[in-house]
Amino acid sequence: MLGLLIKREIRLLLRRKAELLNPLFFFLVVTTMFPLGISPEAKVLSTLAPGVLWVCVLLSLLLSLDVLYREDFDDGSLVQLLMSGASAANIVLAKSIANWLFCALPLIVMSPLLSVMLHLPSDALGALIASLLAGTPVLCLLGAIGMSLTVGLRRGGILLVLLVLPLYIPVLILGTMLVSAASMGHSYLPLLLLLIAASVMSVSLAPWAAGAALKVSVSE
Amino acid sequence: MYSEFTLKCDNLALIRGERLLFKQAAFELTNRQVLHIQGANGTGKTSLLRVLCGIIEADEGELHWQQQPIEQTRQDFYLNTIYLGHQLGVKKAMTVEENLAFYQAMRPQSLSVSISEAIAQVGLAGFEQQWVANLSQGQKRRVSLARLLLESAPLWILDEPFVALDVKGQSWLAQHFEAHRERGGSIIFTSHQPVELACDVQKLVIGAQ
Chain X
166 MLGLLIKREI RLLLRRKAEL LNPLFFFLVV TTMFPLGISP EAKVLSTLAP
216 GVLWVCVLLS LLLSLDVLYR EDFDDGSLVQ LLMSGASAAN IVLAKSIANW
266 LFCALPLIVM SPLLSVMLHL PSDALGALIA SLLAGTPVLC LLGAIGMSLT
316 VGLRRGGILL VLLVLPLYIP VLILGTMLVS AASMGHSYLP LLLLLIAASV
366 MSVSLAPWAA GAALKVSVSE
Chain W
10 MYSEFTLKCD NLALIRGERL LFKQAAFELT NRQVLHIQGA NGTGKTSLLR
60 VLCGIIEADE GELHWQQQPI EQTRQDFYLN TIYLGHQLGV KKAMTVEENL
110 AFYQAMRPQS LSVSISEAIA QVGLAGFEQQ WVANLSQGQK RRVSLARLLL
160 ESAPLWILDE PFVALDVKGQ SWLAQHFEAH RERGGSIIFT SHQPVELACD
210 VQKLVIGAQ
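Just so you know, the protein sequences line up as chains X and W, in that order.
If you number the first sequence the way our numbering does, the last residue is 385 and the count never jumps.
If you number the second sequence the way our numbering does, the last residue is 218 and the count never jumps.
Check each hint, because a few of them may be wrong.
[Said to hold, decoys possible] Distance condition first, Cα-Cα at most 25 Å in a straight line; then the derived PhoX-like pairs of lysine-lysine:
id, chain 1, residue 1, chain 2, residue 2
1, X, LYS182, X, LYS380
2, W, LYS32, W, LYS17
3, W, LYS101, W, LYS149
4, W, LYS177, X, LYS380
5, X, LYS172, W, LYS212
6, X, LYS182, W, LYS17
7, X, LYS172, W, LYS17
8, X, LYS182, W, LYS149
9, X, LYS182, X, LYS172
10, W, LYS32, W, LYS149
11, W, LYS149, W, LYS177
12, W, LYS17, W, LYS177
13, W, LYS17, X, LYS380
Worth flagging that the hints you see were computed from the coordinates, not collected in a lab.
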């Protein structure tokens with residue numbers, strides 16, 4: 166059942182190339198603004214790089230959420246999915262997995278390129294990728310909760326941001342601390358383990374919360 | 010042949026906003042029965058169907074599926090039901106065939122009709138590989154109706170199934186109601202158009218007095 170749902174999400178995502186590319190362009194454009202706006206100096210940029218990269222990944226992912234829910238809500242597919250016998254948690258999990266594979270993963274693949282532009286020390290590159298791999302699942306799943314709560318609202322965009330961003334902050338802090346620690350040559354393993362723990366926790370809990378929220382949204 | 014089922018609805022009432030939509034809606038349904046829900050615009054026919062499907066909660070009253078409160082038997086109810094609402098739930102970005110194949114695969118059991126046969130039966134032969142986005146409103150409706158031919162579920166809950174269909178389509182659907190009844194299935198539907206069915210049709214008129 167979960168496999169079928171994931172296949173459906175991936176098929177639909179791949180047919181909406183523009184929406185799929187939007188977060189990537191956003192990531193590219195916004196990170197390019199920083200050297201232009203602040204300073205092209207390597208010393209300044211390398212201290213800013215972890216935070217800039219993490220914030221941009223986080224905002225790009227926030228942009229990618231709407232595609233997964235809005236259309237299904239509008240055309241009645243969400244009701245059909247909920248009535249198909251699949252559990253609401255599975256529906257959300259399938260969406261989040263597709264979201265991670267096709268929105269988060271491309272961002273992670275792109276991040277080394279942008280980290281070079283921001284003069285991130287090359288020793289910290291591994292830490293950046295590790296932190297994103299461990300942290301982005303949390304972002305996708307917390308986003309799924311926010312999206313499930315707001316999909317029924319006409320203009321849920323701002324509300325989604327208000328709901329989800331505070332929850333993103335701990336992940337952001339952990340992620341940037343991890344990359345900063347690595348770029349100063351410190352050990353980052355404890356922070357990475359914390360991020361992985363957050364990921365595991367959100368994979369096991371968030372789908373249930375989001376599934377319940379989805380049912381409420383559909384009932385309006 | 011479908012196995013026995015019962016759906017009992019007692020004293021349902023629904024309030025939306027400040028307005029009482031309907032109260033004391035009650036019926037009993039078992040195999041081989043057709044229930045036509047009637048009422049003027051805004052009396053809550055669609056809402057009643059959505060209550061039956063567990064999408065919204067009634068403010069009063071009880072629903073029993075197989076003699077048990079529906080909250081406990083919801084999954085079993087879903088496995089035995091096809092609900093087609095105003096929003097059809099067909100994806101514009103998928104082809105006709107993909108849409109039907111997905112819904113069929115989600116069911117544990119399906120009827121012995123192939124997808125291409127079902128598409129031909131609803132009059133969409135040749136459109137199998139077309140994007141649903143390119144179809145007309147009536148054709149989209151036909152795609153959703155093709156699900157009725159493919160998925161094995163004794164209870165159909167249909168919200169205005171005759172809307173957007175041409176005359177031929179309407180008579181085809183009425184005939185298919187009959188075929189479904191012969192297999193032991195039941196239908197709950199709403200319709201503003203008068204519907205000519207060969208079998209007995211129970212009527213439920215709702216609305217706040």
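Structure-based check of all given hints:
1. LYS182/X x LYS380/X: Roughly 29 Å separates the two Cα atoms, so the pair is violated.
2. LYS32/W x LYS17/W: Holds, at about 15 Å.
3. LYS101/W x LYS149/W: Holds, because 9 Å separates the two Cα atoms, which is no more than 25 Å.
4. LYS177/W x LYS380/X: 37 Å, violated
5. LYS172/X x LYS212/W: It is violated: about 42 Å lies between the C-alpha atoms, which goes past 25 Å.
6. LYS182/X x LYS17/W: Cα-Cα ~47 Å, so violated.
7. LYS172/X x LYS17/W: It is violated: about 37 Å lies between the C-alpha atoms, which goes past 25 Å.
8. LYS182/X x LYS149/W: 24 Å, holds
9. LYS182/X x LYS172/X: Judged against 25 Å, a Cα distance of about 16 Å means the pair holds.
10. LYS32/W x LYS149/W: 34 Å, violated
11. LYS149/W x LYS177/W: 16 Å, holds
12. LYS17/W x LYS177/W: Violated. LYS17/W to LYS177/W sits at ~34 Å, over the 25 Å cutoff.
13. LYS17/W x LYS380/X: Cα-Cα ~23 Å, so holds.
Hints 1, 4, 5, 6, 7, 10, 12, counting from the list given before, are not met by this structure.
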